[in-house]
Amino acid sequence: MTLQWFKTWEGLLLIILAITLTSNVILAPEFLTLQNQINLFQLSIEKIIVAVAMTFIIINGEIDLSVASIMGLSACTFGVLVNNGFGGGSAILLCLLLGFVAGGINALLITRLGIPSLVVTLAMLIAFRGFARVLLEDQGLKDFPLWFNALGRDGFLGPIPLAIVVFIVLLVAGAVVLHHTGFGRQVYVIGTNSDVARYSGVNIAFVKTVLFVASGIVSALAGLFYAGRLASVRGDAAFGFELDIITMVLLGGISIFGGKGSILGVLLSILIVLNLRNGMALVNITGHVQTGVIGILLIASVLGPNLYEHFRKTKLT
Amino acid sequence: MFAAFRKFHPQTLRLIALSLVLLLTVLFFTSQIDNYFSPRMLSRISSSAAVILPIAIGQAIVVMTRNIDLSVGSLVGVVAYVCGDFLASHQSLHPVLFVLLCLFVGGCCGAINGLLVSYGRVPSIIVTLGTLALYRTFLVEYSDARTITTDSLPKWLVDFPSSTLFSIGPFEVRTIVALALLAALVAWLTLSRLRVARQFYAVGSNPDAAVFAGINSARVVFWAFVISGMLAGLSGFIFLAKFGNITVVAGMGFELKSVAAVVVGGVNIFGGSGSIVGVLLGTVLVDTIDNSLIRWAVVSEFWREALLGILIMLAVIADTLMARSFGRLKGGNT
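Heads up: the protein sequence lines correspond to chains A and B, in order. Under the numbering used here, the first residue of the first sequence carries the number 1, and numbering increases by one thereafter. Under the numbering used here, the first residue of the second sequence carries the number 1001, and numbering increases by one thereafter.
Keep in mind that a hint or two might mislead.
[Unchecked claim] Residues on chain B that point at chain A, a partial pick, calculated with CB under 8 Å: (1) 1022; (2) 1095; (3) 1108; (4) 1302; (5) 1308.
[To be verified] Listed next, the stretches of chain A that the computed footprint assigns to chain B, with coverage defined by at least 3 CB atoms under 8 Å from CB atoms of chain B: (6) 11-23; (7) 79-92; (8) 245-254; (9) 295-303.
The hints are simulated quantities; they were obtained by calculation from the structure and are not laboratory data. Even for Gly, the Cβ is constructed at its ideal location relative to N, Cα and C.
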C-alpha cells in the first residue's frame, strides 16, 4: 500500500473512516463495546444488505428506486400470511418468490420495452408501496412465530444476529462475483459503454435481468429481516429507505453514470455512514441532523475531488 | 387509418393520446360516482393540482437539460414554513411582495443546487439527493417542533385559496389555480417562443452540439435549477395558502409526484424534449385519479397509490409502444 493509494477514492474513504472512528472513541467511551458494535449494524442492517445489490445495479448504469417498496411489501405480505394460518417457513418462501416476481417485472419492462430504469422503478416504488397499503390498510400486524422474531433480534453465530451473517456472506459473494468473474466484468462493461458491450456479444438483457431479479429477492429478504427485528409491520415499513441506500452506494465511489467503483468502496462508505450515525446518536444528536450531515458528506465527497482537480489544473496552466 | 396520424408530429400525437386518456378517466368516474361532474369536484381537483403544477414545470425544465431535481419536495416545505413564519411576524407585508419573497427564497435554494451541479460538476442526482435531506434537516432545526397555524397568518392569505378569479357558469376558477396556470402559460410561451429558452432543449438533446453552437451549458443548467427553485417557491406559497397549518413534513414526497407528472406528461427522461402542455395534462391526470379514487366506493382509498403506480407504468408503456410503432410507420415509408 503506497502513498499513492490514499489518493484513490477508497483511500479517501479510509481516511474519513479513521477520523470518524477516532472521534467516536474519544467522544463516547461506550462506543467500543461489542454490544454497541452489533447495534450499530443491526439498526441499519436491512439498508446495507440491499446496498450490496444496488452496487451492482448502479455499476451496470441503471438504478432501482423500488427496493424500499419491495421491502415493505414483502414484510407486509409475511405479516398477512402468518396471520392467516400460513406456517412461517412457507410464508418466507412466498415472500422471496414475491421479490423474484417484483424484480422480474422491473427487468421485463426495462429490457424488453427499453424503458429507462429510473422511470420503471419510480412507478414500481409507488405501486408496490400501494399494494403494501392495500394489504394492511391502516392497521399494524404482529403475532409472528416466536422463532422468526428471535432470528431477527437474537444472536445466531454467538452474539451476531443472522442478518449480519447474511450481510457478510452477501458482501463477500458480491465482491467475488463483481471483481473476479466474467459476469462481473460484463456488469462493468455494460455500465461503461453498452454499445461496446453489445458488439462484443454480451447478452445485455440477460445481465440486467439477473441484476434486477437479484435486487428484488435481496430486497424481499431484507424486508423479512425488518419485520423480524421490529416483530411487527405496518404499511409504511421501510418507507424512504431507497434514498439512504443509494446515498451509501454513491458515497462509496460508485459512479451514477455506471462502470466505476468497487465493493470495497461501498463497504467503507457503509462503515462511515453507520459509525457517523452511531457516534452522533451517542452524543445525542437527533436523527434529522444525522441525515443532514450525511447529505453534506454525500455532496462533499464528490465536490471535494472535483475542486481539487480544478485548482490543480488552473495552477499548472 | 394510420395515414391520418402521419400528419401530426409525434409530440402532438402524444398530447392527443394523453388528452384522450384524461377524457376517458373523467367519463369513467362520472359514470361511477354520483355528482362527480360538479363544480365542487372541479375546484377540489384543480386546487390540488395547483400545488403540484409549478414544481412539475420546474422539474420538466430540469429534466429537459438531462438533470433531475429531487429536492423540490423539501424546498416546498422550507418555503411554506419559513416564509409563513416570516409573514406571521410581519402581518402588514404586501401580498405581492410576499409572493416575490417566496420565489426569492426558493430561487436561492435552487441556486445552491445549480452552483453545485454546473460549477462543482457534481451529478444532479447526487446534489439533489443531498439537498433533499439537507433542506429538510434545516427545516426541522429551524422549526424547533413548532407548527404554523392558520390563526397566526393574515386574513388575506387565509381567504386566498377560496377566492375566485372568474366563473364559467357554475364552475369557478380559483385564484390559486389561475396562478399556477399563469406560471404554466409563461413557461409554455417562453419555452416555445424565446430563443434563450430554447437553450434548455439544446443542452439536453445534444450537449456537445450545444457547446459547439456557442451555448454556455453550465450557465443554462444553473438557470434551470434556479427556475425550478423559484417554481418550488410558488408551490410553497400555494401550499401555505391552501393548508394554512404547516408542519415540518410539508411537501414531503412531492419530488416523486413532480417526476411522475413529468413522466406521464411525456417529457423525455433523457432530456431534450417535452412540452409544458404535456406536463399540465400529466399533472391534471395524476391528480384527477388521486382525488377521484377517494370518492369511488368500489375500491378502498388504500388502492390510490397502487393504482397510481400502475397508471404511471401504463402511460409510459403506451408511450413507448406508440413511439415504436410510429417509428416503424415512418421507416416503412422511406
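Mind listing which of the numbered hints don't hold for this structure, in increasing order?
-> Going through the list in order, the structure violates hints 1, 2, 3, 6 and 7 and respects the others.
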